[in-house]
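What follows is the residue order along each chain.
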Amino acid sequence: MVRRTYTRPMEGWWRRDPFFVRYMAREATSLFVELYALILLAGVVSLARGPAAYEAWLAWLASPFAILLHVLLFFVFAYHTLSWFRIMPKTMPPVVVAGRAVGPRAITGAGVAAAVAASLAFVAVVAALAP
Amino acid sequence: MPDGAKTIRIEVLRYQPGERQEPYAEVFEIPFTHDMSVLEGLQYVKDNLDGSLTYRWSCRMAICGSCGMMIDGKPRLACRTFLRDFEGTVRVEALAHFPIERDLVVDASDFVEKLPRIRPWIEARAPRDLAQGEYLQTPDELARYEQFSHCINCMLCYAACPQYGLDPKFIGPGLIALLHRYNQDSRDAAAGKRNELVHADEGVWSCTAVGYCSEVCPKQVDPASAVNRNKTASALDWFARFLPGRG
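So the protein sequences, as listed, match chains P and H.
Take 1 as the starting number for the first sequence in this note's numbering and just add one per residue.
Take 1001 as the starting number for the second sequence in this note's numbering and just add one per residue.
This is chain P alone, in the form it adopts within the complex (with noise of 0.2 Å):
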């Protein structure tokens, strides 16, 4: 017997979920995390170019188009990070804590709590440094 099976084409899948949607937004932010590395690879670049160089960079870094960017890339990589802490409970083998497995919510909640921390301590430190 022959069998003449229907193929469905996955064109535009992406749009077929909202949990979809989600996840290529998710992924998509990764784009925006290699454009913030550029720009400090940018940084270093100049640095080593001479103060006139890293003096232009400086005040490109002020200029109200990169405020705004950086504005931007605040949310971008809050989502990121958010996104990414949300799938880790996926990725890691279960946790054990005095006898019980942590949960997802759990490991979730630590992963955004150490990202926050992480960020403070950092601020406070340039905040401290700064002239």
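The hints are simulated quantities; they were obtained by calculation from the structure and are not laboratory data.
If a hint is listed, it holds; no wrong ones were tucked in.
Partial list, computed: chain H residues near chain P (C-beta under 8 Å):
| no. | residue |
| --- | --- |
| 1 | Tyr1015 |
| 2 | Pro1017 |
| 3 | Pro1023 |
| 4 | Lys1074 |
| 5 | Asp1107 |
| 6 | Val1210 |
| 7 | Tyr1212 |
| 8 | Thr1232 |
Below, a list of computed lysine-lysine pairs in the DSBU-like style, where the Cα atoms sit at most 30 Å apart:
| no. | chain 1 | residue 1 | chain 2 | residue 2 |
| --- | --- | --- | --- | --- |
| 9 | H | Lys1219 | H | Lys1074 |
| 10 | H | Lys1219 | H | Lys1231 |
| 11 | H | Lys1231 | P | Lys90 |
| 12 | H | Lys1114 | P | Lys90 |
| 13 | P | Lys90 | H | Lys1074 |
| 14 | H | Lys1219 | H | Lys1193 |
| 15 | H | Lys1074 | H | Lys1046 |
| 16 | P | Lys90 | H | Lys1219 |
| 17 | H | Lys1231 | H | Lys1169 |
| 18 | P | Lys90 | H | Lys1193 |
| 19 | H | Lys1193 | H | Lys1114 |
| 20 | H | Lys1169 | H | Lys1074 |
| 21 | H | Lys1169 | P | Lys90 |
| 22 | H | Lys1231 | H | Lys1114 |
| 23 | H | Lys1169 | H | Lys1193 |
| 24 | H | Lys1114 | H | Lys1169 |
| 25 | H | Lys1006 | H | Lys1074 |
| 26 | H | Lys1046 | H | Lys1219 |
Built from N, CA and C at the ideal position, the CB exists for glycine as well.
Got chain P; can you put chain H on it based on the hints?
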């Protein structure tokens, strides 16, 4: 149809090979009561409106895994989804990412052919004969794999996995969860053989941690966890090749 009975429309994506080249939507209006599942709605259609409607079912109580289908776009078991939870129209379609055989029946050959490749059986660590009695296990040893043993092979997780839809070579969430179940079993000694498949291209690295498989699982097996935990193990195994005395 009794007077005053509530009615609901069931929109079925039908595919009738030999009659039409493409699937098409057909709407059936049926009376329903508070306790009727989508499966019972389909049975009403088949018994009273169109005997040619084709779908799989068996146990009616979420244990056989036969009646998986897309219900309003989400992979669900028709027997544990209720008509009362929908307003006006409920859309049903064959499980996504599988070829449609006819109406709501998919061709599951791919899943069935992959099943033996994960060696879903215990290969005893220390074989015992009948006179020696059963293999003993502590509650902790049981807990390590029990959740992954609840899989009913309903394939909802495959319909939830876009990576499987894009590349059906991927072993997929359900079978990797089952593989993990045997690898975690203290009586078993075949993890090394199964891990060949875990590390391969069609193994865990085809997964991009979408995580929807675990959302739709009707048995809380959490295949996303099984797949992603094996990525860690697979990465460690790769690095271990560079240690002296290995590889």
